[in-house]
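So the protein sequences, as listed, match chains C and A.
Under numbering that gives the first Met the number 0, the residue at position 429 of the first sequence is numbered 428, and the numbers go up by one with no gaps.
Under numbering that gives the first Met the number 0, the residue at position 144 of the second sequence is numbered 143, and the numbers go up by one with no gaps.
Treat each hint with caution, since some may be false.
[What the hints assert, rightly or not] Which chain A residues face chain C? A few, computed with CB under 7 angstroms, are given here: (1) 176; (2) 177; (3) 180; (4) 181; (5) 184; (6) 186; (7) 196; (8) 200.
Simulated from the structure, these hints should not be mistaken for lab results.
All residues carry an ideal CB built from backbone N, CA and C; glycine is no exception.
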Amino acid sequence: MNAPARPDQSPLLDIAALTLRLPAPKHGKGRELLHGVDLTVAEGETVGLVGESGSGKSLTARSVLGLLPPRADVSGTVRLDRTDVLTAGRAQLKRLRLSAAAMIFQDPRAGINPMRTIGDHLTESLRLGEGRPRAEARARALELLEAVRLPDGEHHLRQYPHEFSGGMLQRVMIAGALAGSPRLLVCDEPTTALDVTTQAQILDVLAEQRDRRGMGMLFITHDLTLASAFCDRVYVMKEGAVVEQGTASRVLRRPEHPYTQWLVAATPTIEVNGDEPGSDGSGERGSGERGSGERGSGAPAPVLEVHDLAKTYQVRGRGPVRAVAGATIAVPAGEALGVVGESGSGKSTLARMIVGLEQPDSGSVSIAGVAQTGTPRTRAERLTHARLIQLVFQDPYLSLDPRISVGRAVEDALRLHHPGLGTTEARSQVLGLLGQVGLVDAHAQALPRTLSGGQRQRVAIARALAIEPAVLVMDEATSALDVSVQAQVLDVVSAIRRDRGLTVLFISHNLGVVRTVCERTVVMRSGEIVESGRTVDLLTDPHHPYTRLLLDSVPRAEPDRVA
Amino acid sequence: MSAPTPTLALKVMRSTVRRPARVGFTIAVVVLAVMALAAVFAPFIAPYDPDQVDFSAVYASPSPAHWLGADALGRDTLSRMIYGARTALLGPLLVVIASTLLGIVLGLVAGWRGGWLDATLARIFDVLFAFPSLLIAIMAVALFGKGLVAPVIAMSIAYSPFVARLTRQLVATERSRPYVSAYRVQGFSGAWIAVRRVLPNVAPTVGAQSTLNFGYVLAELAALSFLGLGVQAPLADWGAMINEAQAGIAGGYFLPAIVPAVAVVIAVVAVNVIGEELSDRIGGRTPA
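Construct the entire structure; sequences and hints are all you get.
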């Protein structure tokens, strides 16, 4: 056991007045990306750094290891172990990176050479950096793999990165980072790309190693709840400046800065608090009381009915992969059904089959009483099908044609379904639709790449609404967005549901988001629906063990966590 | 799974190094423009009739009367070079247009439809790739006689697989993008999406490849004329001029051969510089 915090007044990491400015490119002026950031991490302390994309949290984290953009104009100090990183020479930097601090990144696959084995990766820095002999490095690598709870070390050392899942690979990265016994571990969104249950495992590993080694930790995340659950203290960053800092539970429970307050409000949680759709009984849909897990008999006829849908993919060299098996769902008019599951659970395949982008092996889909059979062949069939169901994709960066202005994109959809529409009439309807999703006239001329993620996703929604579908499917439609932007998009969705009584199928991995949107929810796992019922009941009284596991894996802030 | 968001830090690191626009590109455009204008307005620019024989000027050295000298028959080299640009540039232009149109149609069909059609077309392209385009052009001359028409048609066919293969690959990639699925969900027909939306998105890259083809075709057609199979004497053409000037080289008169040769080299280099710059600008997708 290492000695915990030494009686030492200078903290392990001390960032003071860190300012970073990019030199002016040929056109335009230079941008200041960090404005006087102050941050400290004491020995053995875990500090969270929370912010949305563009807030400068990653840049701050990178400054700790001297990984700043070339030609950047930096002022202030970054003292790591009492050495100023910003003025340190090559040799000093190397020493710091070797032993004082290590970093793990969001995407473990990007940080590992796919052509070399896990063993090569882990022993490399030990052999080259510390000059240890091969056998000793290997023994140490095995120790490290055990520390991150990868059970079969000997075997893993001979494996290649592609044989590992994202969660396993992130453990390898953690093991690699621990190789130099760093006193500070910088974690840049280490669990963002992972499923919630995997995230929980990784956090366990990190916490265990932190406690055993007395390591300090700088934990960067966009998820305020996660930071509060995992860290002692939290800094909140916005637009390159720290706006608030304090103990983790205080920042989450009693945020002082308006931005933090707003961020807390915008973050969906799984804590049932009565603002769920249909839970207060005042909703005009009047979904009424229904027994949990069973279909209401007096409910309106379902608009979307899916019966026993199945799809198996034949993957060359790997045997059949069962994506969806025996999925049966029914969504009454005007309701929103959430489909929750982790990656690979088949929820996206289910959505694609319902929309008609994939053909099921067996089972039936019926929308507004019309049974869907096969790919539509004629123009009339295509248009009829499109008016039954529309899809909003996960990634708004990819689901809009890069060459077509957003106004044009909406207009194309509108005119396809209303061929008689005059130009002026179509234009004004386009502006009306864009207005409904909170965009202004100026956006109509813009190309998708000039818009932010949230704006693009709103365009995708407007485009779907132009067709006036009976059912709207949203496949992870807010997953790629920042919390605040997600809140805006979800507001748009609920406003549209209110105005149009739209039926929604909402696919998501995020239980918190589903809670705020959906009256009912089904939980999917390896292609099967394991539990279904009212969202509130599912969250408060889960029956299936997997649902319970999912709920337990979601980070929650503990009010009186002792550091 | 939530999509990893690229952090600003990484974007910043990528964006700091922006390559300055190449001077070479500008020069290449100017050179090619001058050549094209000279070809179009040859009768107004050329100081002499290209076929005007003047026995007093046989193998004349450069002089105010003949800037680049004269050839074995005393024809003005500069004038012949200017007129020669017409056939030298027109041939490749026709080949590039024809092979691009043919290649895009085949590539679009193969990439969009996939399946057996794609596989069949891919095999046909493979067979065509096995024969060098120059060989195909020579075979066409053997079958249909000398001149520019047969080689141009033959090379249009020989070059279309280059365009088709690139188009196919780009279209196949594009087809798997979500925006294409989005169009389908909206109810647009496959043909409409392919022609009206996907094709314009791949066109710039295909255009860059075709620009590069222009350079190869120019060199090969000049080679054909040099071999006496393409443009026939006495018509002025760079390749044919080199051929005619061969006899003079033995006598120490290099200029009538060097001038058209340099013209060919400059034109090809200029076209390649433009083609490479275009494909760089399109986004690093360097054509094959």
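How the hints compare with the structure:
no. : hint : result
1   : 176  : holds, 6 angstroms
2   : 177  : holds, 4 angstroms
3   : 180  : holds, 6 angstroms
4   : 181  : holds, 5 angstroms
5   : 184  : holds, 5 angstroms
6   : 186  : holds, 3 angstroms
7   : 196  : holds, 6 angstroms
8   : 200  : holds, 6 angstroms
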